[in-house]
Structure formats: C-alpha cells, structure tokens
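Engineer: One line per chain: the protein sequences are D and P, in this order. Take 1 as the starting number for the first sequence in my numbering and just add one per residue. Take 1001 as the starting number for the second sequence in my numbering and just add one per residue.
Hints were generated in silico from the structure; no laboratory data involved. Just so you know, these numbers come straight off a predicted model, no measurement behind them. Watch out, some of these pointers could steer you wrong.
What the hints assert, rightly or not - Taking lysine-lysine and the DSS-like style, the derived pairs with C-alpha atoms no more than 25 Å apart in a straight line are:
no.: 1; chain 1: D; residue 1: Lys267; chain 2: P; residue 2: Lys1155
no.: 2; chain 1: P; residue 1: Lys1074; chain 2: P; residue 2: Lys1134
no.: 3; chain 1: P; residue 1: Lys1123; chain 2: P; residue 2: Lys1034
no.: 4; chain 1: D; residue 1: Lys155; chain 2: D; residue 2: Lys123
no.: 5; chain 1: D; residue 1: Lys284; chain 2: P; residue 2: Lys1288
no.: 6; chain 1: P; residue 1: Lys1070; chain 2: P; residue 2: Lys1034
no.: 7; chain 1: D; residue 1: Lys123; chain 2: D; residue 2: Lys75
no.: 8; chain 1: D; residue 1: Lys113; chain 2: D; residue 2: Lys75
no.: 9; chain 1: D; residue 1: Lys34; chain 2: D; residue 2: Lys195
no.: 10; chain 1: P; residue 1: Lys1132; chain 2: P; residue 2: Lys1087
no.: 11; chain 1: D; residue 1: Lys34; chain 2: D; residue 2: Lys123
no.: 12; chain 1: P; residue 1: Lys1284; chain 2: D; residue 2: Lys288
no.: 13; chain 1: D; residue 1: Lys288; chain 2: P; residue 2: Lys1288
no.: 14; chain 1: D; residue 1: Lys75; chain 2: D; residue 2: Lys124
no.: 15; chain 1: P; residue 1: Lys1267; chain 2: D; residue 2: Lys155
There are 2 protein chains.
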Amino acid sequence: MKNIIPQEVTLHEVVLRDGIQNEKNIIPTEEKIKLINKLIDCGLRRIEVSSFVNPRFVPQMADSEDLWNKIERKKDVLYSALILGEKSLDRAIHCHVPHVGIFLSASETHSLKNSNRSVSEAKKEAIVLIEKAKSAGMGVRAGVMNAFGCAYEGKIPIEKVTNLISNLVKAEPDEICLADTSGMANPRQMREVLKQVREVVGDRTVSLHLHNTRGLGLANVWEALQHGVRIFDTSMGGLGGCPFIPGARGNIATEDTVHMLHEMGIKVGIDLNCLINESLCFEKFIGKEFPAMVSHL
Amino acid sequence: MKNIIPQEVTLHEVVLRDGIQNEKNIIPTEEKIKLINKLIDCGLRRIEVSSFVNPRFVPQMADSEDLWNKIERKKDVLYSALILGEKSLDRAIHCHVPHVGIFLSASETHSLKNSNRSVSEAKKEAIVLIEKAKSAGMGVRAGVMNAFGCAYEGKIPIEKVTNLISNLVKAEPDEICLADTSGMANPRQMREVLKQVREVVGDRTVSLHLHNTRGLGLANVWEALQHGVRIFDTSMGGLGGCPFIPGARGNIATEDTVHMLHEMGIKVGIDLNCLINESLCFEKFIGKEFPAMVSHL
C-alpha cells in the first residue's frame, strides 16, 4: 500500500478521554454531552466518550456510566470507550457501549506503572478481554501503547511490537491501533514500523494514536498516510498529554490534522471552521491556551 | 534524488534576523555577538547575522554595520546577510559581508507590500543584485518568498515559482532557496514543487526556509529530505514570524529540527543539549515563551 495517498481519512476524536483526563477541574456531564453533540455537528463520526477507569486514578472519568446513559446514540456515529481491565469491560458491557479500545504497553516499566502487570501478563489479559468484548457484540480496536518509544525506557524494539500484535490479531479485533504514548515517533521510524506491522496484520485495519510532544505529529501522519493508515486519533485543540511527562504537549490537534488533510485534497467530512469555533469555545471554558495552531492564526 | 534520505544536513540559523526582527525591545549589539558565539559553540556553521534594511522599517536591524564590524569571523563558519535592494547590497559590500541572500516574492501583493515593486520589476532587480554580489566576491543564495502560498493571495501556481527560478539561475547564484514565508506549505505540495523545481535547477543546491505557522514545518522537512534538500533555515526557539499574520508562529525551531534529524540518524553537527540551554537562556532574556517543543519537555 506504500505511496498511495488516500482520498479519504477518518478521525477518532479523543478530546473527551485523553484530552481532558488530566484536567483538574471536573467537567460536568452536561457539558460533556454538549461537546459530543457539537463535535458530531462539525462532522466527526468516531467519538471516544470516556474510559472506564477507577475514578480514584482519573477523577474526570467518574461520570462514565452517567455519561453513557445520557448521550444520544446516532446511527452514523461510532461511540467508543477505553477499557482498562476486566471490571472496566464489565462496566462498559453494562452501559451497552458499542465499541471499545483495549490496549497494552510495549514497555515493561510503563506496563507496570499503568496496569500493575508485566507486558506478558497484560498481553494474556488483553486477549481475554478482546474475546469477551467480541462475544458481547462490541466492535474492538486492540492497541499497543508506547509502540514507538517509551519515556521511561527509551527505544522499544520493533520486534517487541510486532510480536505483541501477532498475538493480539489471533483474537480478531476489528482494528489494530499503534499508540505513540510518549510522543517519541519520527517519520523515518514510522515508515519502518508500519512496514513490519503490515507483514503481521495483513489487510487488517491499522490506526494511529499520535502525540505532538516533539512537533512531529503531523510529519508522522504524512508518512503513515503512505502506508495504508486511514484512521487517526486526534484531540480537539491538541488537548491531552501524559501525566508522567511534565510540559509535554498533547495529542495531535483535530483542527491541525483536518487542515493538513484538506490542503492535501483528502476528504475528512469535517467542517473546519465549525471545529475551530468549537475548539476556541472549549478553550475559553477550560481557561488555558490549547496547543492547536490553525485555531490561533 | 527521490527517496534517498541524506546522511548529513546543514542548518542555516536565522534567529538573529527573522527570529528577532519583530521583537519590540531592541537587543544590544553586544548581546547579538554573544548569541552568535554561543550558536557557533553549539555547532551551527551558517549564521544569518542581520538584514541590511531601512531601520525605520525594522528597528532591530539598525546596528547592522556595527554588528558586522564587531563579529569575529571564523574560517569554518558561513556568515550571511539578507539583502533588500541595491542600497542594502552596497552597505553589505562596504561591511565585507561574505555571503548574502537575495529574495523576491512570487506574490504580486506581497511583492508590492514588501518591496514596493511588481514581481516582474523585483525579478529584474534581483538578477542585477545577484550579478553585482558575485562580482564583489560574495557567495549568493537567491530565493523566492511565498513559493508555497501567500497570506494575501492564497495559492501560488507552481509555474510562477519555476518561472522565477529559471530566471534567477541564469545569474548563477550558488544556491536556490524556496521560502514558505506565509507558512502555508503542506508535504504533498512540497513533493510536487520540489519535483518541478528540480527540473529547472538541475543539480544546483536547493535550500528551504520554512515556517511552522500551521504545524507542518517538520512534515515539510521530512518530505524535502527525500527530494535532495540538504540545507534548511531554522530559528533557535522557533522564534520569528510574519508581522502581517497575527498570532502566527515562527520559523521551524532549530532544536526541534536537530532533534528530528538526530532521531532519524542524520548528522547535523550540533550539540542538542547545548542548543536547548542557549535557547532557554535567550527565552529568559527575551521574556516570552518560545514555540520550540523539545526545549520545553
């Protein structure tokens, strides 16, 4: 699939999960519902609504059940949740969540800090969770965090990533997602990783979750477009960021990604002006400057 | 030259010219000299020292003569100045400037605003200036501003750019520089422009002057690396920006570019830690946050 620039790309909006999870001020459920509706009005068709996580660790996600019970579920929108363990999946099943993300980390240190499990234990658990979610009728994206490097461990060997993925695909998730959790990917590495991952996943859908920590987010998108990636996680305003990397910038910004894709003649189905307006409104609501660029020209 | 990723890249540091030209507080000549020496200590070997411009328009450049008279001229460093018209070149000749940049704009509106000349008039003048500078023994880079789009006019046809360049090369400059003055280039366009420019310039050196206005600076660097570009203008801290685009971010940041190139195994000859330290010092001196990312992790 190399060097074929796609005509269409889908964005998976994570501002409600990755974006706000580190914001100290708790956003009321009603505001989250308004934001979801606005994002859909702007044309987004994949929304990560929340993660099912212990609210002691991520207080912003404490209203997950309430939120899922209150949102309108439009037919042409994919509403997704991030799952962290079996209890988390049970909560999602209870809320009739139609689509989940199940991730493990390629870094031992990060795996222990994030899930209190070794990579090998997390891998076994992820496979069980994918199978259970599928049995419950859910769509599933299975992913590898820190697939391009780790803030604690530095470089992560590609074989470690492809090995994990070859295990995950046996459970037949609908999509494999590579996450650059620490924002360490560069486009030359992206080329190499995607080539090797493609050999493992065949024609399965591959998506990317990128952070713009070092200014390389859109360079990585550009390279990935040439290797069959058609789904990218983005966060409105570029909000988000790892709590373990002080000063780190957030996810790649939805508006900056839409702008790039539009300029390159690629359809995204999103009204950029509408999105910029909503981003600026939400920035005002949150009360700090977002890192997105095209909304601040 | 497509798809051959280079082993080595040279950065042309513009913080002293493009970087500070819009800063209201005048930086003393002695501080500029210190900064030049620090940049060289970090490994930079091409420094744009100043522009010779009417100080009424750019007060920050009023000390150009004084600065050129006072700087140490090391043998392995290329010291360059930006030239704007014949008087400007005469001033540079008077200062024994060894290398100059001579630019015209591909946009009629910008050309009139920037130089009070039509593109056609500016083209004729540029050719005369290149020849005069060469006769004076200077190295010359000739460039086209707004080669990838114009904040006033929008898209600029590639033929307009290649046509200007085919005229400039007749005067035999040492290097052709394409400037994305308005920060509007995208990597798909970069590929197309560089392919067509290459047909006009043959094996002449092509360099790029990029801004990160819309977050695409390093994506454009990555694409350009695969099309024979080995020299990039960068500004420490990412300082810089067009006075006509409110809120616009600056030039691509030297430290972010060095970081990307290092991560991809490309030699730049620059000590990244040293550069980050200097950038943070200068940021403190200027008193506002610079847009560079790797210096703020």
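Engineer: Hint by hint, say whether it matches the structure.
Structural biologist: Taking the hints in turn, this is what the structure says about them:
1. Pair hint D/Lys267 plus P/Lys1155 holds up; C-alpha atoms about 19 Å apart against a cutoff of 25 Å.
2. Among the hinted pairs, P/Lys1074 with P/Lys1134 is consistent with the structure: their alpha-carbon atoms are about 21 Å apart, no more than 25 Å.
3. Pair hint P/Lys1123 plus P/Lys1034 does not hold up; C-alpha atoms about 36 Å apart against a cutoff of 25 Å.
4. Our distance criterion of 25 Å between C-alpha atoms is met by D/Lys155 and D/Lys123, whose separation comes to about 20 Å.
5. Under the criterion of a C-alpha separation no larger than 25 Å, the hint pairing D/Lys284 with P/Lys1288 is consistent with the structure, at around 21 Å.
6. Of the pairs offered as hints, the one joining P/Lys1070 and P/Lys1034 holds, with about 11 Å between alpha carbons and a cut-off of 25 Å not exceeded.
7. Distance check on the hinted pair: D/Lys123 and D/Lys75 sit about 33 Å apart at the alpha-carbon level, beyond 25 Å; violated.
8. Under the criterion of a C-alpha separation no larger than 25 Å, the hint pairing D/Lys113 with D/Lys75 is inconsistent with the structure, at around 37 Å.
9. Between the alpha carbons of D/Lys34 and D/Lys195 the distance comes to roughly 40 Å, so the proposed pair goes past 25 Å and is violated.
10. Of the pairs offered as hints, the one joining P/Lys1132 and P/Lys1087 holds, with about 12 Å between alpha carbons and a cut-off of 25 Å not exceeded.
11. Simply put, D/Lys34 and D/Lys123 have alpha-carbon atoms about 36 Å apart, too far for the 25 Å limit, and the pair is violated.
12. For a cut-off of 25 Å, the pair hint linking P/Lys1284 to D/Lys288 stands: about 21 Å separates their Cα positions.
13. Simply put, D/Lys288 and P/Lys1288 have alpha-carbon atoms about 16 Å apart, close enough for the 25 Å limit, and the pair holds.
14. A threshold of 25 Å between alpha carbons decides the hint, and for D/Lys75 with D/Lys124 the separation of about 33 Å lies outside it, so the pair is violated.
15. At roughly 19 Å between alpha-carbon atoms, P/Lys1267 and D/Lys155 fall within 25 Å of each other, so this suggested pair holds.
In summary, the numbered hints that this structure violates are 3, 7, 8, 9, 11, 14.
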